[in-house]
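A.B. asks: Join the two chains into one complex using the hints; note that each chain is given alone, in its own frame.
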Amino acid sequence: MNLHTIKIIIGREYLNRVKKKSFLVTTFVVPVLMAALCVVPIVMMVNSKEKTKTVAYVDRSGIVGEYLENTETINYVDMTAAPDADSLKNRMEELSLDAVLSISALDSASRSVNADITSRKPLGLEMSENINNRINKAVENYRIASYNIEGLEDIMNEVKANVRLRSYTMDDSGEEKISEAGVNSILSMILGMFIFIFVTVFGSMVMSAVIEEKASRVVEVLVSSVKATELMFGKIIGVAAVALTQFLLWIILTVAIVGVAGSVLGEDIFDSLDAQEVAQTAGVNVDGEAIAQLADQSELSTILSTIQGLDFTRILVVFFVFFILGYLLYASMFAAIGSAVENEGDTQQLQLPLTIPLMLAYFIAIYAFRAPDSAIAFWGSMIPFTSPIVMLARVPFGVETWEILVSVALLIVTTGLMAWLSAKIYKVGILMFGKKSTWKDLWKWLKQK
Amino acid sequence: MAIIECKEVCKSFGQKVALDHVSLEIPEGRIFGLLGPNGAGKTTLIRIINRITIPNSGEILFNGRPINQRDVEKIGYMPEERGLYRKMKVGDQAMYLAQLKGMSSAEAKAELKKWFVRFEIQSWWDKKVEELSKGMAQKLQFITTVVHKPSLMILDEPFSGFDPVNAEMIRKEILRLKEEGATIILSTHNMESVEELCDNIALINKSRLVITGGVDDIRRKYGNNNVELVYTDEQGRHSEVLPRETDGASTLRTYLEKGVQINSYKELMPRMNDIFIKLVTEGE
Chain R
1 MNLHTIKIII
11 GREYLNRVKK
21 KSFLVTTFVV
31 PVLMAALCVV
41 PIVMMVNSKE
51 KTKTVAYVDR
61 SGIVGEYLEN
71 TETINYVDMT
81 AAPDADSLKN
91 RMEELSLDAV
101 LSISALDSAS
111 RSVNADITSR
121 KPLGLEMSEN
131 INNRINKAVE
141 NYRIASYNIE
151 GLEDIMNEVK
161 ANVRLRSYTM
171 DDSGEEKISE
181 AGVNSILSMI
191 LGMFIFIFVT
201 VFGSMVMSAV
211 IEEKASRVVE
221 VLVSSVKATE
231 LMFGKIIGVA
241 AVALTQFLLW
251 IILTVAIVGV
261 AGSVLGEDIF
271 DSLDAQEVAQ
281 TAGVNVDGEA
291 IAQLADQSEL
301 STILSTIQGL
311 DFTRILVVFF
321 VFFILGYLLY
331 ASMFAAIGSA
341 VENEGDTQQL
351 QLPLTIPLML
361 AYFIAIYAFR
371 APDSAIAFWG
381 SMIPFTSPIV
391 MLARVPFGVE
401 TWEILVSVAL
411 LIVTTGLMAW
421 LSAKIYKVGI
431 LMFGKKSTWK
441 DLWKWLKQK
Chain X
1 MAIIECKEVC
11 KSFGQKVALD
21 HVSLEIPEGR
31 IFGLLGPNGA
41 GKTTLIRIIN
51 RITIPNSGEI
61 LFNGRPINQR
71 DVEKIGYMPE
81 ERGLYRKMKV
91 GDQAMYLAQL
101 KGMSSAEAKA
111 ELKKWFVRFE
121 IQSWWDKKVE
131 ELSKGMAQKL
141 QFITTVVHKP
151 SLMILDEPFS
161 GFDPVNAEMI
171 RKEILRLKEE
181 GATIILSTHN
191 MESVEELCDN
201 IALINKSRLV
211 ITGGVDDIRR
221 KYGNNNVELV
231 YTDEQGRHSE
241 VLPRETDGAS
251 TLRTYLEKGV
261 QINSYKELMP
271 RMNDIFIKLV
281 TEGE
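As you go down the protein sequences, you meet chains R and X in turn. End of the first sequence sits at 449 in my numbering; the numbers just go up one at a time, nothing left out. End of the second sequence sits at 284 in my numbering; the numbers just go up one at a time, nothing left out.
Next up, chain X with everything else stripped away, as it sits in the complex (with noise of 0.2 Å):
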């Protein structure tokens, strides 16, 4: 079941196009990929998804009906060009973010006080935004994000702007929300997190949807087929390239009957990098 479906949408500004027919599905309950060089109209997609600006045509299915402005309360946008009211407090900051996604001021006051317990930032709750550093300022625009408990999450570049620590941190929430449930959206141009992270990916490259499916499925079609066996013997260890059969283990059972030891055998995948390379530089 897809939470989100764009069917032929199309946006331009002025005589720029935008986005030109894009068709997608983005299934529930996975990690979705929206990949894309910048400028490609990825942003421009999430905000039509997110009702911040309104296709020219075409039409975004929210699991499975036309989207409309209350079913945004479902949806929690960390947008890339993101940021907070400097002058505020953090607990008033996050209080009125919270009303604006529906939430009762007492529901509000409940998340927030559990998500500042989880990430251990309790004493910043009556503290000024500008007092925060960039990566503390990031992590209470995560938990604004996901506080009212969207059922669909659209981050864009979500780990720039924190250490490797807060990354795993937050990396690891995006992983314990997808477990209980949630869909998620993530846009970057971080392409080991899209391997890590995605389930499925879209990518769009000069306002035209070039590819989108499985992770696997697409890293497997774009690879040669390859499998990289390392063995040990006499000799000492070594490494080889295979061609993948058919059949699976024939290649592996000829190893095995001359004696080596086998410490290896795993299918050779092209890096997401490189796939993403090869395909934005061949619509040039």
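Looking at chain R on its own, in the form it has when it is part of the complex (with noise of 0.2 Å):
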């Protein structure tokens, strides 16, 4: 190997494609696509009020009515006095109300009221559960009342439970940390899916260089200048170069735009806490709404404490090592594909054995974020194949050290072992042109010396 027209060629690769238009569009715009995920959301939190409502109600049953009070979005006007309800219906627009809601009165039997809505425009799920849950309220609070037990209003009020499971993890050393399986589960989908994402693009591209230089024809013209393993792992590493490139814009940019974003939204959401902050210290009547709130709150500090409580340089380490190797294992395997062809519709057939094994891992990795430790999920993170992307979907639960070096061992080997075969592939299938080949070709090539 030649280091020197090694550097040349990966020089070329990386600079040909960091320079191109789509290159620069997807570094940009992936970032303002993520931060977007990230910021639209809590945005949408904070601004998502609604425009109050107008809703008359004919209470025909006379306990509901009370239960009905007005909050900001919902203005209640009762309209028992009116006739009948579907009279009102009809004239919703000239009374300028948004809604109509109509109670009917006591069944003895089933101790309950039947209750439906019509508006102008469809309620919101927020607003029709508000109503619907007040509803329930005035019926329950009927029932309690309807025992004629003392008391025994507070006493359900006192049975009610709110309790929640919080998990915990102690490692040998004893240290505890606060574990929620929704954030492990999440950053594993993420890293599962990022290397699969990640493996499957950037090796095509490999694939369509290998193509590209074969189609044009100026494939010959290299290989009497630099050997073909050369020009092959120059233009795998040089994509590799890419790929990180790629990925380093992409986590400063989101990183960037994350924080100009939090920055400018920032006062809005201490606002929203601060509201919260008052009603509870003024000691104000604390209903189901703050209760739910207070949970989401704790659920909150519950996430970020279980993010703060994650390992993320092992988890960078792992997924840089894993990454580099996946990449590097497809990647080859991609360009002796490429050689075989000189146009990309003729890959399919011959790029059926390595989407296969992509696949599985994909799928493997969507049932370990589920059961990290399940057979399955382990084996899939020791077979080389698919360890790169099952393995990352484990990482966040946690793997004993000893199974990812044998794991990472494994893929070393069988790494070398592929680009090795791919090689010997690659150095035919490069010089044979007018043919399309097949998987009894390249099995061919390999045989030769």
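To be clear, the hints were calculated from the coordinates, so they are not data collected in a lab. Just so it is clear, CB atoms sit at the ideal spot from N, CA and C, and this is done for glycine as well. Accuracy of the hints is not assured; some may be wrong.
What the hints assert, rightly or not - List of simulated lysine to aspartate or glutamate pairs, EDC-like, C-alpha gap at most 20 Å:
id : chain 1 : residue 1 : chain 2 : residue 2
1  : R       : Lys21     : X       : Glu130
2  : X       : Lys128    : R       : Glu212
3  : R       : Lys7      : X       : Asp126
4  : R       : Lys20     : X       : Glu131
5  : X       : Lys87     : R       : Glu342
6  : R       : Lys435    : X       : Glu73
7  : X       : Lys87     : R       : Glu344
8  : X       : Lys89     : R       : Glu212
9  : R       : Lys19     : X       : Glu130
10 : X       : Lys16     : R       : Asp441
11 : R       : Lys19     : X       : Asp92
12 : R       : Lys7      : X       : Glu107
13 : X       : Lys87     : R       : Asp441
14 : R       : Lys20     : X       : Asp126
15 : R       : Lys21     : X       : Glu107
16 : R       : Lys20     : X       : Glu196
17 : X       : Lys178    : X       : Glu157
18 : R       : Lys21     : X       : Asp92
19 : R       : Lys21     : X       : Glu131
20 : R       : Lys436    : X       : Glu81
21 : R       : Lys435    : X       : Glu81
22 : R       : Lys19     : X       : Asp126
23 : R       : Lys89     : R       : Glu72
Stated by the list, open to error - Derived Cβ-Cβ restraints for the label pairs, each shown as a range:
id : chain 1 : residue 1 : chain 2 : residue 2 : range
24 : R       : Thr355    : X       : Ser160    : 36 to 44 Å
25 : R       : Gln349    : X       : Arg86     : 22 to 30 Å
26 : R       : Val413    : X       : Asn68     : 28 to 36 Å
27 : X       : Glu130    : R       : Ile366    : 39 to 47 Å
28 : R       : Leu15     : X       : Glu59     : 23 to 31 Å
29 : R       : Gln349    : X       : Asn224    : 53 to 61 Å
30 : X       : Glu81     : R       : Phe23     : 27 to 35 Å
31 : X       : Glu130    : R       : Phe23     : 17 to 25 Å
C.D. replies: Given below as structure tokens:
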């Protein structure tokens, strides 16, 4: 191997791609999308208060009305005096009503009411849930009262339980960490998917580059100056450098965008937090909604402390090791397949043995994020063709170091072997012009000296 | 002195034999024609000389010693299946290929500029290769083959794709490079250019070497040893085919004594085309 020529090849492969418009577009658009995925839900949560709607109600039962308190978004108007609800429904626009809620008289057998609501525009989920909850609350309280047991209402309130299962992990040193399965699962899915996408995208990039050289007939000129293996590895390394550049730029840009957006929107978020605190300290009667918010908050802190508890250096190191090895494994095989054809359309059949293990790995990874220590996830993270994707899906849940080391060792050996075999196929394949090759041909080339 | 010596070179691909004990010498400073029908094994031999393919047995000597990877920098190869990166700029492309041949970036740029001036294509430097016509791309291809001043040039069908004007230009460049001391291997089916340019040839058919030697020697060997005499007398112009005499001039003298006007007297050599067809069909 001549390092000087490999450097020249890497340089061309790298610069040619990095200077392309499509590279710039994906590099800058993806972080914006990712940042939007992080920021938009927060913005929506903060600014999701709906416009106040006027709801007229006709309460024939006489028990629901008092529970229909005005909220920030619903303004109730008592129209029980109206002769019938249907006539109101026909005049909603005229009376500037958004909806008409009609509650039937109490059914003495079921001790319940029927309720329907008619609105001009479909109601939001939040609003209809709110109304529904209040009606249920009214019926429940009516039933409690009907038992005529003194203090039953207090007893019922006291009986209500609100237990949250908190999960912790304890490592060998006895250090305890809060861990939330949800956080680990999401991270596991993101990591597994990232490797899957990177290996597929950049592996096929290597394949296209090989096909392009063969189709444009520049390849024979090149191999008269450099060895075929130098050309192949120069290309693989050049594309890897592109992948890493793109990845780093994505991280930097995403962090920057989230940071900027966070500082702009930060005030809003603090404002809404303050309001809750004020309500609590003032001892305002804490209703169901506030409890839910409180629960949300403690969930948020669980998520945050779970994230803090993760060993990011370890995850990052494992990610890069498996990404590089997984990429090298697949990229060299993609290069071998590219060498056998002269246009992208002919790759379908040859590519199948590569896409099958990749897809399989992806499915095992999806399973692994639900059951990270199951036998299928374990073996999937050991077998070299699936391990880069599956291991990353397991890593956020914690994987024994020896497992990682064994998996990496197996992967290195396999990558070396496959690179060697791929180079043999590549060397012959790139000079086979004018015929469509099959797996049988590749097998023949492999045996050629 | 031979720049390239092939010794008993054998190559097979699976069951198929591509070269069967081929031995030949390519003398330095000459133009060497490598001839043979399609599929005879010419391209395989060229690829072995270029170290693209490794022979099963036999060896290649470069300047008298076994060839190694460094020697490839002294070879310029224009394959029959040739092309360039379509999306790359002309200048970048030429720089890239020159650097792969071991030139430094500054050296490559200086030499390329000279060639671009010689071919009057300075304005192409920043164009993309895909914007060039086929003939233009061929010119660029030729430059990238010779820019690193190789002592051996291997040109496989160099004239295909050129119009007559550009083909003439390349022909002159080949002769100029020969004068500067380069050795050129010319693989072509164009027998006229073989007669015109080549000093020596080798003919390969069905993976075997059929004949190798000087072009004139071979043409003489396969000729009927005749001369053609054209003269004018009172009846007009005559052309006669006569056997060539070992002593040379006795026939000519008889005619001269007759008092006719001699227009031309020349050796009648068979055309390379006929020799090629004869040798190739004989082998069947």
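A.B. asks: For which of the previously enumerated hints does the structure constitute a violation, in increasing order of number?
C.D. replies: As far as the earlier hints go, 3, 6, 13, 15, 16, 23, 28 are violated by this structure, in ascending order.
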